[in-house]
Amino acid sequence: QKEVEQDPGPLSVPEGAIVSLNCTYSNSAFQYFMWYRQYSRKGPELLMYTYSSGNKEDGRFTAQVDKSSKYISLFIRDSQPSDSATYLCAAGPPRGSNYKLTFGKGTLLTVNP
Amino acid sequence: DAGVTQSPTHLIKTRGQHVTLRCSPISGHKSVSWYQQVLGQGPQFIFQYYEKEERGRGNFPDRFSARQFPNYSSELNVNALLLGDSALYLCASSLVSGDTEAFFGQGTRLTVV
Numbered sequence: 001q002k003e004v005e006q007d008p009g010p011l012s013v014p015e016g017a018i019v020s021l022n023c024t025y026s027n028s029a030f031q032y033f034m035w036y037r038q039y040s041r042k043g044p045e046l047l048m049y050t051y052s053s054g055n056k057e058d059g060r061f062t063a064q065v066d067k068s069s070k071y072i073s074l075f076i077r078d079s080q081p082s083d084s085a086t087y088l089c090a091a092g093p094p095r096g097s098n099y100k101l102t103f104g105k106g107t108l109l110t111v112n113p
Numbered sequence: 001d002a003g004v005t006q007s008p009t010h011l012i013k014t015r016g017q018h019v020t021l022r023c024s025p026i027s028g029h030k031s032v033s034w035y036q037q038v039l040g041q042g043p044q045f046i047f048q049y050y051e052k053e054e055r056g057r058g059n060f061p062d063r064f065s066a067r068q069f070p071n072y073s074s075e076l077n078v079n080a081l082l083l084g085d086s087a088l089y090l091c092a093s094s095l096v097s098g099d100t101e102a103f104f105g106q107g108t109r110l111t112v113v
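Top to bottom, those sequences are chains A and B. Counting from 1, one number per residue, gives the positions in the first sequence under my numbering. Counting from 1, one number per residue, gives the positions in the second sequence under my numbering.
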């Protein structure tokens, strides 16, 4: 079992739709959870991160973490064609440990005008 | 401000050859991590360096090595290249070791033929 599981999609939605992207993880030691956006042939771009359980909102993006169910979500409101990209969830251990990010496979999202 | 810069952007090598990839972190950042991203997969952790010392190593063979220089730039070396080493190699820069905000470069796309 991979430590971070993510449905690779692809996911295709019309412009303006609410998008829900999800990951699950198995390692209880993970404390930090990130979402990255990766356009084709580019490096990943950090969208947002959360610590432990809870919600974090940034404009049209909301990240949620539920540690009890080991579930990570990213919601995109009023989706735009420019949001079309691969979205990667990632998890990290407590700071100070052998710090590395463990990524999911990524979900390919297409927002159609 | 310049982001994380990686060179070269593309590279084609023959099986058995050696390759050196380079990374310059964001100014002021002292930690550099290397990731391998195979097509259709999420990035996989290879190494982390902080203050010129190796702080973490992923599950990669000894053919992979890295180092960090006094100016915090870094090199990733891969010996005896295999076809399976073909991937996008990503460098991530962060302020300190274990910093949750890791910023990626555009990557070096290595093709082994």
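Check the hints yourself; a few may be wrong.
Said to hold, decoys possible - DSBU-like, lysine-lysine: derived pairs with alpha carbons at most 30 Å apart:
{"hint": "1", "chain 1": "B", "residue 1": "52", "chain 2": "A", "residue 2": "70"}
{"hint": "2", "chain 1": "A", "residue 1": "56", "chain 2": "A", "residue 2": "67"}
{"hint": "3", "chain 1": "B", "residue 1": "30", "chain 2": "A", "residue 2": "42"}
As the list claims (entries may be wrong) - Residues from chain B that face chain A, not an exhaustive set, calculated with beta carbons under 10 Å:
{"hint": "4", "residue": "6"}
{"hint": "5", "residue": "7"}
{"hint": "6", "residue": "8"}
{"hint": "7", "residue": "37"}
{"hint": "8", "residue": "45"}
{"hint": "9", "residue": "62"}
{"hint": "10", "residue": "64"}
{"hint": "11", "residue": "69"}
{"hint": "12", "residue": "73"}
{"hint": "13", "residue": "92"}
{"hint": "14", "residue": "101"}
{"hint": "15", "residue": "103"}
{"hint": "16", "residue": "111"}
{"hint": "17", "residue": "112"}
Unchecked claim - Here are some chain A residues the structure puts well away from chain B; computed CB gaps all over 12 Å:
{"hint": "18", "residue": "1"}
{"hint": "19", "residue": "8"}
{"hint": "20", "residue": "14"}
{"hint": "21", "residue": "15"}
{"hint": "22", "residue": "16"}
{"hint": "23", "residue": "28"}
{"hint": "24", "residue": "45"}
{"hint": "25", "residue": "54"}
{"hint": "26", "residue": "64"}
{"hint": "27", "residue": "67"}
{"hint": "28", "residue": "82"}
I should point out that these hints are in silico values taken from the structure, not numbers from a laboratory. Note that the coordinates shown come from a computational prediction; the quantities given were computed from them, not determined experimentally. Backbone N, C-alpha and C fix where the C-beta goes; we use that ideal spot for every residue, glycine too.
Hint by hint, here is what the structure shows:
no.	hint	result
1	B:52 x A:70	violated (35 Å)
2	A:56 x A:67	holds (14 Å)
3	B:30 x A:42	holds (23 Å)
4	6	holds (8 Å)
5	7	violated (13 Å)
6	8	violated (14 Å)
7	37	holds (8 Å)
8	45	holds (4 Å)
9	62	violated (18 Å)
10	64	violated (14 Å)
11	69	violated (21 Å)
12	73	violated (17 Å)
13	92	holds (8 Å)
14	101	holds (6 Å)
15	103	holds (6 Å)
16	111	violated (13 Å)
17	112	violated (18 Å)
18	1	holds (15 Å)
19	8	violated (7 Å)
20	14	holds (25 Å)
21	15	holds (26 Å)
22	16	holds (28 Å)
23	28	holds (18 Å)
24	45	violated (7 Å)
25	54	holds (14 Å)
26	64	holds (17 Å)
27	67	holds (16 Å)
28	82	holds (18 Å)
Violation of the numbered hints given earlier is confined to hints 1, 5, 6, 9, 10, 11, 12, 16, 17, 19, 24; the remaining hints are satisfied by the structure.
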